[in-house]
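Enquirer: Mapping to full-length UniProt numbering: the sequence shown position 100 is 100, numbers consecutive.
Keep in mind that the hints were calculated from the coordinates and are not lab data. A portion of the hints provided could be inaccurate.
Said to hold, decoys possible - Derived DEER-like restraints, expressed as beta-carbon distance ranges: (1) Cys-149 to Thr-8: 33 to 41 Å; (2) Asn-154 to Arg-113: 31 to 39 Å; (3) Gly-66 to Leu-160: 22 to 30 Å; (4) Ala-86 to Val-152: 15 to 23 Å; (5) Lys-138 to Gly-66: 35 to 43 Å; (6) Ile-20 to Arg-93: 18 to 26 Å; (7) Pro-126 to Thr-162: 16 to 24 Å; (8) Lys-127 to Glu-28: 33 to 41 Å.
Where is the CB? At the ideal position from N, CA and C, for every residue including glycine.
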Amino acid sequence: MARSVPCTRKYQKDDGLGVIANLERLKESDRPNEDRRAFFETQIVLWLLGATGGHAKNFSIAYQPGGGFHLTPLCDVLAAQPVVDAGRIGQNRLTLAMSLGDNNYRRMDVVCRRHLDQTAKAAGLPKDSVDTICHKLKDLVPSALEAICGQVGNEVPVALRTSVVNGIQARFEALSME
């Protein structure tokens, strides 16, 4: 997100911006509630996808006449689960670009619902933010996965689709269990 941070610091582990800092910046947006909710919701979706590259530089803002700005749609999202399933890295090596929770959890196999709640609270988001997002995703995820798999057809190998879908479902179940 527009902060003049060098590309060498795009990941939080490299002293880049984290979830809380970005949510603070979005308080200044022309549509702060909408943009903050969208940004936080995206953090949950990135975790579900097993997307390791969701760093602040993948979030853009559009400047408006008069000096205002708002969050733009997300781009450049890659799921890393197929690399794990192919045995090239361990599940414990999948990490988020921006940490969650009071103790900065980044490992995807460790992140849980409690860490999302802690992050929402620290950012001053409404108390029911995580519940609202989880209910929304519970309704959307199954049909979205079905639609995407139908659209990509044979263009994406079955093993790749299966890996991504199974990773999403496993993390989604962990999210729903708490």
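Enquirer: Do Gly-66 and Leu-160 keep their Cβ atoms within the hinted range of 22 to 30 Å?
Expert: Violated - the Cβ-Cβ distance for Gly-66 and Leu-160, about 45 Å, lies outside 22 to 30 Å.
Enquirer: Is 15 to 23 Å a correct range for the gap between the Cβ atoms of Ala-86 and Val-152?
Expert: holds, 19 Å
Enquirer: Can the suggested window of 33 to 41 Å be confirmed for the beta-carbon pair Cys-149 and Thr-8?
Expert: Holds - the Cβ-Cβ distance for Cys-149 and Thr-8, about 37 Å, lies within 33 to 41 Å.
Enquirer: In this structure, is the beta-carbon distance linking Pro-126 and Thr-162 contained in 16 to 24 Å?
Expert: For Pro-126 and Thr-162 the Cβ distance comes to about 36 Å; the hint is violated.
Enquirer: Is the distance from the Cβ of Ile-20 to the Cβ of Arg-93 consistent with 18 to 26 Å?
Expert: At 24 Å between Cβs, range holds.
Enquirer: Looking only at beta-carbon atoms, does the pair Lys-138, Gly-66 fall within the given range of 35 to 43 Å?
Expert: holds, 39 Å
Enquirer: Holds or violated: the 33 to 41 Å window for the beta-carbon distance between Lys-127 and Glu-28?
Expert: The hinted range 33 to 41 Å is violated for Lys-127 and Glu-28, with Cβ atoms some 23 Å apart.
Enquirer: Determine whether the Cβ-Cβ distance between Asn-154 and Arg-113 falls within the hinted range of 31 to 39 Å.
Expert: holds, 36 Å
Of the numbered hints given earlier, the model fails hints 3, 7 and 8; all others are met.
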